[in-house]
Amino acid sequence: MIFSICYLRQDRMKSRATYFLAFALIAVESNALHEFHYCLHSRGGLEVLYPELGDVGCTYIPECSFYRKRISKEWSSPKVRYQQAEKNKKYVLIMVDPDAPSRTNPIYRFWRHWVITDIRVSSKTIFCDNLFHQSGLAYRRPTPPSQTGYHRYQFLLFEQPTREAISFSPEEGSSLGSWNVEDFANRFHLGTPVAATQFLTKPSAERALEKLHC
Numbered sequence: 021m022i023f024s025i026c027y028l029r030q031d032r033m034k035s036r037a038t039y040f041l042a043f044a045l046i047a048v049e050s051n052a053l054h055e056f057h058y059c060l061h062s063r064g065g066l067e068v069l070y071p072e073l074g075d076v077g078c079t080y081i082p083e084c085s086f087y088r089k090r091i092s093k094e095w096s097s098p099k100v101r102y103q104q105a106e107k108n109k110k111y112v113l114i115m116v117d118p119d120a121p122s123r124t125n126p127i128y129r130f131w132r133h134w135v136i137t138d139i140r141v142s143s144k145t146i147f148c149d150n151l152f153h154q155s156g157l158a159y160r161r162p163t164p165p166s167q168t169g170y171h172r173y174q175f176l177l178f179e180q181p182t183r184e185a186i187s188f189s190p191e192e193g194s195s196l197g198s199w200n201v202e203d204f205a206n207r208f209h210l211g212t213p214v215a216a217t218q219f220l221t222k223p224s225a226e227r228a229l230e231k232l233h234c
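For any residue, its number in this note's numbering is found by taking its place in the sequence shown, counting from 1, and adding 20.
Treat the hints as calculated values from the structure; they're not laboratory data. Check before you lean on any hint, since a few could be wrong.
[Said to hold, decoys possible] Simulated restraints on C-beta separations: (1) P181 <-> C84: 31 to 37 Å; (2) Q103 <-> Q167: 35 to 41 Å; (3) R207 <-> C84: 40 to 46 Å; (4) S194 <-> E94: 27 to 33 Å; (5) G65 <-> R161: 23 to 29 Å; (6) S194 <-> P165: 17 to 23 Å; (7) G193 <-> K89: 38 to 44 Å.
[Claimed, not checked] Result set (EDC-like, lysine to aspartate or glutamate): computed pairs, CA atoms no more than 20 Å apart in a straight line: (8) K107 <-> D203; (9) K93 <-> E72; (10) K107 <-> E72; (11) K109 <-> E191; (12) K93 <-> E106; (13) K109 <-> D138; (14) K109 <-> E192; (15) K107 <-> E179; (16) K89 <-> E106.
Every residue gets a Cβ at the ideal spot worked out from N, C-alpha and C, and that includes glycine.
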């Protein structure tokens, strides 16, 4: 069962390694390239699908074909797939940047990019568009500031209690930065994520240090 997409392009850039989830997010590495070899923030089979790239979970967005520019300036929200979704449950999807404004000085952690609540799965068909929601926060593209290097963009999927109505506090509504994700999850009894993943990208004008081939 999925949350969206009727077609998947099998174009993978993934590194294969042992996955481990910690709701407390991973520490900042002195060299972000080390993260290419393992993914510490992935579990549950959550897939995030952008045009041409396919599933970007546990990948760097490459500079080739202007992919970094396109993900930050052109493409709309990705399709999100979770095959373990259950028809009679509701879900909450959150996308955040823990590296705002930079990984070395994340004083605005977490920056809120996308929140969808009241997600229901309408059928058991795997390859159909089944994403429905009633409220949340409109998608904001990944736009890491110039000269700040790689940013992690993290996706967290929670089960939403059936009778729980979710809304933002006035303080949350006034700013996207310095958002306390754990407090939000606790306030609405979301528990820990049932699935999570992330990708990394940097400002499109900055050259990658590693060689990525498309």
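Here's how the hints hold up against the structure:
Distance hint check for P181 and C84: the Cβ-Cβ separation is about 44 Å, which falls outside the suggested range of 31 to 37 Å. In this structure the supplied range 35 to 41 Å holds for Q103 paired with Q167, their Cβ-Cβ distance being about 39 Å. A beta carbon spacing of about 42 Å between R207 and C84 agrees with the range 40 to 46 Å that was offered as a hint. The hinted window of 27 to 33 Å between S194 and E94 holds, with their beta carbons roughly 29 Å apart.
The given range of 23 to 29 Å is respected by G65 and R161, whose C-beta atoms sit roughly 25 Å from each other. The supplied range of 17 to 23 Å is met by S194 and P165, whose beta-carbon atoms lie about 21 Å from each other. A hinted range of 38 to 44 Å is violated for the C-beta pair G193 and K89, which are about 30 Å apart. With a C-alpha separation of about 27 Å, the suggested pairing of K107 with D203 is violated against the 20 Å cut-off.
Between the alpha carbons of K93 and E72 the distance comes to roughly 15 Å, so the proposed pair stays at or under 20 Å and holds. Simply put, K107 and E72 have alpha-carbon atoms about 29 Å apart, too far for the 20 Å limit, and the pair is violated. Among the hinted pairs, K109 with E191 is inconsistent with the structure: their alpha-carbon atoms are about 29 Å apart, more than 20 Å. About 34 Å separates the Cα atoms of K93 and E106, which puts this hinted pair outside 20 Å; it is violated.
Between K109 and D138 the CA atoms are separated by roughly 9 Å; this keeps the pair inside 20 Å, and the hint holds. Proximity of K109 to E192 is assessed by CA-CA distance (about 26 Å); at most 20 Å being required, the pair is judged violated. At most 20 Å may separate the alpha-carbon atoms for a hinted pair to count; K107 and E179 meet this at roughly 12 Å. Proximity of K89 to E106 is assessed by CA-CA distance (about 35 Å); at most 20 Å being required, the pair is judged violated.
Violated hints, in rising order: 1, 7, 8, 10, 11, 12, 14 and 16; the structure is consistent with all others.
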